[in-house]
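**Q** Residue strings, one per chain:
There are 2 protein chains.
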Amino acid sequence: MDPPTSPDDEAAAFFRAAPPFRDRDAVAASLAAFVARHRARGGGGGGGGPPAAAAGVVCVTSGGTTVPLEQRCVRYIDNFSSGQRGAASTEYFLKAGYAVVFVHRRGSKQPYCRFLPEDSFLDLFELGEGSEIQVPESHTTVVKTAISSYRKAIDEGLLLKLPFTTIFEYLQLLQLVSTAMNCLERHGMFYCAAAVSDFYVPWESMAKHKIQSAGGPLNMQLSQVPKMLFILRNQWAPSAFCVSFKLETDPDILIQKAEAALRKYGMNVVVANELANYKDVVVMVTSSGKTTMSRRSKEDDLEEQLIALLVKMHSDHAKQSNPEQET
Amino acid sequence: MDPPTSPDDEAAAFFRAAPPFRDRDAVAASLAAFVARHRARGGGGGGGGPPAAAAGVVCVTSGGTTVPLEQRCVRYIDNFSSGQRGAASTEYFLKAGYAVVFVHRRGSKQPYCRFLPEDSFLDLFELGEGSEIQVPESHTTVVKTAISSYRKAIDEGLLLKLPFTTIFEYLQLLQLVSTAMNCLERHGMFYCAAAVSDFYVPWESMAKHKIQSAGGPLNMQLSQVPKMLFILRNQWAPSAFCVSFKLETDPDILIQKAEAALRKYGMNVVVANELANYKDVVVMVTSSGKTTMSRRSKEDDLEEQLIALLVKMHSDHAKQSNPEQET
Numbered sequence: 001m002d003p004p005t006s007p008d009d010e011a012a013a014f015f016r017a018a019p020p021f022r023d024r025d026a027v028a029a030s031l032a033a034f035v036a037r038h039r040a041r042g043g044g045g046g047g048g049g050p051p052a053a054a055a056g057v058v059c060v061t062s063g064g065t066t067v068p069l070e071q072r073c074v075r076y077i078d079n080f081s082s083g084q085r086g087a088a089s090t091e092y093f094l095k096a097g098y099a100v101v102f103v104h105r106r107g108s109k110q111p112y113c114r115f116l117p118e119d120s121f122l123d124l125f126e127l128g129e130g131s132e133i134q135v136p137e138s139h140t141t142v143v144k145t146a147i148s149s150y151r152k153a154i155d156e157g158l159l160l161k162l163p164f165t166t167i168f169e170y171l172q173l174l175q176l177v178s179t180a181m182n183c184l185e186r187h188g189m190f191y192c193a194a195a196v197s198d199f200y201v202p203w204e205s206m207a208k209h210k211i212q213s214a215g216g217p218l219n220m221q222l223s224q225v226p227k228m229l230f231i232l233r234n235q236w237a238p239s240a241f242c243v244s245f246k247l248e249t250d251p252d253i254l255i256q257k258a259e260a261a262l263r264k265y266g267m268n269v270v271v272a273n274e275l276a277n278y279k280d281v282v283v284m285v286t287s288s289g290k291t292t293m294s295r296r297s298k299e300d301d302l303e304e305q306l307i308a309l310l311v312k313m314h315s316d317h318a319k320q321s322n323p324e325q326e327t
Numbered sequence: 001m002d003p004p005t006s007p008d009d010e011a012a013a014f015f016r017a018a019p020p021f022r023d024r025d026a027v028a029a030s031l032a033a034f035v036a037r038h039r040a041r042g043g044g045g046g047g048g049g050p051p052a053a054a055a056g057v058v059c060v061t062s063g064g065t066t067v068p069l070e071q072r073c074v075r076y077i078d079n080f081s082s083g084q085r086g087a088a089s090t091e092y093f094l095k096a097g098y099a100v101v102f103v104h105r106r107g108s109k110q111p112y113c114r115f116l117p118e119d120s121f122l123d124l125f126e127l128g129e130g131s132e133i134q135v136p137e138s139h140t141t142v143v144k145t146a147i148s149s150y151r152k153a154i155d156e157g158l159l160l161k162l163p164f165t166t167i168f169e170y171l172q173l174l175q176l177v178s179t180a181m182n183c184l185e186r187h188g189m190f191y192c193a194a195a196v197s198d199f200y201v202p203w204e205s206m207a208k209h210k211i212q213s214a215g216g217p218l219n220m221q222l223s224q225v226p227k228m229l230f231i232l233r234n235q236w237a238p239s240a241f242c243v244s245f246k247l248e249t250d251p252d253i254l255i256q257k258a259e260a261a262l263r264k265y266g267m268n269v270v271v272a273n274e275l276a277n278y279k280d281v282v283v284m285v286t287s288s289g290k291t292t293m294s295r296r297s298k299e300d301d302l303e304e305q306l307i308a309l310l311v312k313m314h315s316d317h318a319k320q321s322n323p324e325q326e327t
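Protein sequence lines, in the order shown, are assigned to chains W and L.
The first sequence begins at 1 in UniProt numbering and counts up one residue at a time.
The second sequence begins at 1 in UniProt numbering and counts up one residue at a time.
Each hint should be verified, as a subset may be incorrect.
If several chains are the same, the list does not tell them apart, and a pair holds so long as it fits within one copy or across any two.
[As the list claims (entries may be wrong)] The calculated lysine-lysine pairs, modelled on DSS-like cross-linking and capped at a C-alpha distance of 25 Å, are:
hint, residue 1, residue 2
1, Lys257, Lys208
2, Lys264, Lys298
3, Lys312, Lys144
4, Lys152, Lys298
5, Lys312, Lys95
6, Lys144, Lys95
7, Lys257, Lys290
8, Lys319, Lys290
9, Lys298, Lys144
10, Lys227, Lys319
11, Lys208, Lys279
12, Lys290, Lys152
13, Lys227, Lys264
14, Lys290, Lys279
15, Lys161, Lys298
16, Lys279, Lys298
17, Lys290, Lys227
18, Lys257, Lys319
19, Lys290, Lys208
Just so you know, the hints here were simulated from the structure itself, not pulled from any lab data.
Sequences and hints are given; from them, build the entire structure.
**A** Structural data, given as C-alpha cells:
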C-alpha cells in the first residue's frame, strides 16, 4: 500500500484508525442545540435574512493534547500547556458578547478560576464558628466575582464546555465543532490556542500492554499528526474567521514559522508567542503585517487587548460578502 | 568511557546529570523539622531510650512522574496516575495516627478532596441571596468534613505536602525524604504508590529547543531510569518498612513481576494491581505469601483494609530489634 499523500488522505487515514469518540452523539446534539440557539440570536446568516447583529460564536481550544504510547495506556506524551491563555480569552470573548464553545484539556485552567491557588479547594475554604463555609477576607471579592460570572455565563447558555485528553479526542472534537459551526458562516470564529501534538503513535501500531522496562533502552518511532487546520479552513468551516497560535522556544525562528503557518493553512491570524514570555508579549501575524502586543502591567491580561483587536477584525470579516473562501 | 554497571554507579550518574532541585535547602529544612517533631513524639528510637509509642511517620508517594523531551520543555512523557490511591491512603494513615510526608505530583488528587467533581470550584459553589458563598445541600456534609479534616491535619502538623513534576524532581525528593527519615529507623515507612517513569532522556543528551515537526517522523531513544528503590532500601533508609506498588495491564505477568520486585529491591511488601480494576482488587505480596484484598462495596475504599493491614505489619516490624537490614 502506498502511503497517503494529500492532506485529505492523511486526515481520513488518521480518523479511520482513531479509537471511536465516546459520547459522540450526545456531544453532537448539544453542539447542534447550542449553535442553533445562537444562530437564531443573530450569530449566522441563515433564516432567510441578514443576521440581526454581529454577535458571534467562537470555538476556543485550550490546553495540551496527549499521545498514548500504549492502548491500555499507562504512558503518554503530553504537550505542556496550563490552559491559562484559553481560559482568560474565553472570559474576554464572553464579555464581548460572544457565545463560546470551550474545547479544553481535562483538568486544565477554567474560565473565572485562573486566579485560584494550586489546591484551591482546601487552601481557600474554612469553617466558621457555626460551621458555615467561609473564604478568607483577602479572597472574598475574587471568589464571589468568579462564582457569579461563571453562573451567569452558564445560566444564559453562553458557554459550552467540551473536554478532551488525547490527540484523537481533540481532533475528533474539532471536526464535530467546526462542522456544527459551519452554518454560522462568517459569524463563526476559531481561536485555536490548544497545544496540539505534532507526533503520535497510530493506534494500530501501538503496544497493547504496558511496555516492559526489562528489555533495555526504549526506541520509539512517532508519525506526524496531519495538519488538520488546513482541513478545517478548506472543508469543515471555510467561511469562519480562523486564528491559530505558534509557540516556539527559539525566538530566532518564531516569526518565520508563524508566517509559514499563515500561508500554509490560510489562517486569518497567527499569534506568535515564545515559551519564555508568552504572558507578556505576542506578535499578531496577518497577511497585511505584524502587530506586537505587550502587557501593560502585571495586573493586566494580555488577552484583553488581543481579544479586543480580534473581535474588531472578526466584525469586519463578518460584514464582507460571503464567497466560498477568501485568501 | 565504560557505561556504569552497579546500581550505585547508575544512581550517582543520574543525580550528577539531573538539573538542580529548586528550593532544596527550604525543603530539607522543613523535612528536618517535621521528622524531629515526630521523632520526639515517639516516632523513632533516638533520644537515649526506646520510643514512647509506635506512632510512625510514613512517606506516601503519589501520582505520575514526567520525563521532559526538551530542556526548554514543551513536550514530555507522562505516566498515568490520578493520585487517587495515594490521596486515599494518606487519609487512612492520618486516621491511624501516622504523620505523613505526602510526596505528590503537582495537580494530582489531594487527601480529603478525592470526592470533588472535576471543576470543583465552580460546580460546587453558589452565591446566596445575601451574596454569601453556599454549597448545594447534597454536598454540604462531605464539603464540611473535608475542610475540617484537612485543617485538623495541617494545624496539628501531621501532614507535610511536597510536590514534584519530573522524574528528576521525584527521585531527588525521594532521596531527601528518605535520608531525613533514616533517623526514625524502624518507625519510618515508605509507601511508594507514585507511577514512576521507567525510561527517560538524560538531561545532557536532551534537545535544547522544541523539536521541529518539519523533519518528518520522530525517532527517540530513551534510557532506563536507575532502580532507586534498591538504593533507598540499601542506603538511604535501610531500617524502614518499605511498600512498593507494581501496576500492569497484563494480568498474566503481574504476580511474577511483583514477586521479582520483592526479591530484587528487598521490599517488605509489594502491592500488585491491574490497571483495569486497581480500585477493586489488590494482591499483597510478601516473603511469607500472598494476600488478596477486594473492595466490599462501591462505597468502600480498598485503601481502608490495605492501610489497616500495613499498619499492623509495620507495628510488628518496629518491635523487632534493629539489625542493619533484614532480608
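**Q** Against each hint, give a clear statement of whether it holds in the structure.
**A** Going down the list of hints, with the structure as the test:
1. For a Cα distance limit of 25 Å, the shortest separation of Lys257 from Lys208 across copies, 18 Å, qualifies, whereas the shortest one inside one copy, 36 Å, does not.
2. Taking identical chains as interchangeable, the C-alpha atoms of Lys264 and Lys298 are never at most 25 Å apart, the minima being 35 Å within one chain and 53 Å between chains.
3. Taking the closest pair of Cα atoms, Lys312 and Lys144 never come within 25 Å of each other, the shortest separation being 31 Å inside a single copy and 47 Å across copies.
4. Taking the shortest Cα distances, Lys152 and Lys298 never come within 25 Å of each other, neither inside one copy (27 Å) nor across copies (36 Å).
5. Proximity of Lys312 to Lys95 under the C-alpha cut-off of 25 Å is restricted to the intra-copy arrangement: shortest distance 14 Å within a copy versus 58 Å between copies.
6. Taking the shortest alpha-carbon separations for Lys144 and Lys95, only the intra-copy value of 17 Å comes in at or below 25 Å, while the best inter-copy value is 34 Å.
7. Taking the shortest Cα distances, Lys257 and Lys290 sit within 25 Å of each other inside one copy (13 Å), while across copies they are farther apart (58 Å).
8. When the C-alpha separation of Lys319 and Lys290 is checked against a cutoff of 25 Å, the pair qualifies only within one copy, where the shortest distance is 23 Å, while the shortest distance between copies is 72 Å.
9. Only within a single protomer do Lys298 and Lys144 lie at most 25 Å apart by alpha-carbon distance; the minimum there is 22 Å, versus 35 Å between protomers.
10. For the identical chains of this complex, Lys227 and Lys319 are neighbours neither inside a copy (29 Å) nor across copies (63 Å), given an alpha-carbon limit of 25 Å.
11. Within a single copy, Lys208 and Lys279 get their C-alpha atoms only as close as 40 Å, which misses the 25 Å cut-off; across copies the closest is 21 Å, which meets it.
12. For a Cα distance limit of 25 Å, the shortest separation of Lys290 from Lys152 qualifies neither inside one copy, at 36 Å, nor across copies, at 55 Å.
13. For the homomeric pair Lys227 and Lys264, the shortest alpha-carbon distance inside one copy (10 Å) is at most 25 Å, but the shortest distance between copies (47 Å) is not.
14. For the identical chains of this complex, Lys290 and Lys279 are intra-copy neighbours only, at 18 Å inside a copy versus 53 Å across copies, given an alpha-carbon limit of 25 Å.
15. Taking the shortest Cα distances, Lys161 and Lys298 never come within 25 Å of each other, neither inside one copy (28 Å) nor across copies (29 Å).
16. Taking identical chains as interchangeable, the C-alpha atoms of Lys279 and Lys298 lie at most 25 Å apart only when both belong to the same chain, with a minimum of 9 Å there against 44 Å between chains.
17. Proximity of Lys290 to Lys227 under the C-alpha cut-off of 25 Å is restricted to the intra-copy arrangement: shortest distance 24 Å within a copy versus 51 Å between copies.
18. Taking the closest pair of Cα atoms, Lys257 and Lys319 never come within 25 Å of each other, the shortest separation being 30 Å inside a single copy and 66 Å across copies.
19. In this assembly of identical chains, the alpha carbons of Lys290 and Lys208 never lie at most 25 Å apart, being 47 Å within a copy and 28 Å across copies at closest.
Hint compliance for this structure: hints 2, 3, 4, 10, 12, 15, 18 and 19 are broken, all remaining hints hold.
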